[in-house]
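Peer 1: These protein sequences, in sequence, are chains A and B.
For what it's worth, our numbering labels the leading residue of the first sequence as 1, then goes sequentially.
For what it's worth, our numbering labels the leading residue of the second sequence as 1, then goes sequentially.
For the record, the hints were derived by calculation from the structure and aren't laboratory data.
In this text, all values refer to a predicted model and were calculated from it rather than measured experimentally.
In this text, a Cβ means the ideal position worked out from N, Cα and C, and glycines have one as well.
Incorrect hints may have been included.
Partial list, derived from the structure: chain B residues whose beta carbon lies under 8 Å from chain A [as the list claims (entries may be wrong)]:
(1) 1
(2) 11
(3) 18
(4) 19
(5) 23
(6) 57
(7) 69
(8) 73
(9) 78
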Amino acid sequence: MVEILLVIFCILTISSAFTTCMSSKIIRSAFFFGSTLFLIAFIFILIGSPLLGTVQILLYTGGTLILFLFAIILTRNWDYEDLGETFHRPIRALSVSFLFFISMSFFLFESEIFIELEKNFTIGPSSSIENISFSLFNDWFLILELSSILLLATIVGCLVLLKFREEID
Amino acid sequence: MFSILIYTALLVSSLGIFMLLSKKHILSILIGIELFLNGINLFFITVSKSYSNDAADIFILFILVITACEVAIGLAIFLVNQRINKTIDINDLNKLKDF
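Could you put the whole structure together from the sequences, leaning on the hints where they help?
Peer 2: Rendered as structure tokens:
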């Protein structure tokens, strides 16, 4: 049952990501991007990482998508008319992404580690919230503090940029 | 099932790279970077289920934090560019250096 659901979610994720790429209007692209994030969060939950799925939905999808929507609302008069105008050298981009996909697939599926990983793969709760929080506040404590400083620096950086914008206006 | 998840992660990452390299709209480029990083997250979590440790979960939490920072800064630059240059085109972003 879980495996069928996973396959359905994988297909929906790929189609949603494809539609995100192919939308000419940025608002549609943002909404399909939000649905892609939701579907990836459901995959996280189904393969046994409920904490990550919840963080992805509550913080990441909520926060990032709202930021995108605010940016679109503030610049709503600026959009391209049709799909062709939105692209800049699409053949080059398509070849680079295709090369990435083919090379990664080839190196992964040809390696011996991959076969071992495929044998050991299990869907289920391998990492509990208790274990994650314990290692986060013990082994990874310094990095957690550094990432909070990074978030603070981001807030200050955004304020400085927007203050700069007001001075120009 | 492992192969399907890996293929999904690679496809989402590839679509992110395509969007990052081909689009002219700055917001679309940011969405492309997000798609790429989400594909990488899915790849990490799938591989970590074979090793049964918590390191991948913590790595993904940090990736989410850094991505949120990057989006916030990117959108601030986008708004500044749109107000000053009156365009959403990534090719005109270098005109910001004149101000």
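Peer 1: For every hint, state whether the structure bears it out.
Peer 2: Okay, the hints, checked on the actual structure:
The criterion of a C-beta within 8 Å of any C-beta in chain A is met by residue 1 of chain B, whose closest approach is roughly 6 Å, and the hint holds. A hinted interface residue such as residue 11 of chain B counts as satisfied when its beta carbon comes closer than 8 Å to some beta carbon of chain A; here the least separation is about 5 Å, so the hint holds. Hint status for residue 18 of chain B: holds, given a least beta-carbon distance of 4 Å to chain A, under 8 Å. Interface restraint check for residue 19 of chain B: the shortest CB-CB distance to chain A comes to about 5 Å, inside 8 Å, so the restraint holds.
Of the supplied interface hints, the one on residue 23 of chain B holds, with its beta-carbon coming within about 6 Å of a beta-carbon of chain A, less than 8 Å. This hint holds: residue 57 of chain B has a C-beta 5 Å from the nearest C-beta of chain A, less than the 8 Å allowed. A distance limit of 8 Å between C-beta atoms decides the matter here; for residue 69 of chain B the minimum to chain A is near 4 Å, and the interface restraint holds. For residue 73 of chain B, the interface hint holds, the least distance from its beta-carbon to any beta-carbon of chain A being 6 Å, beneath 8 Å.
The beta carbon of residue 78 of chain B comes within 6 Å of a beta carbon in chain A, closer than 8 Å, and the hint placing it at the interface holds.
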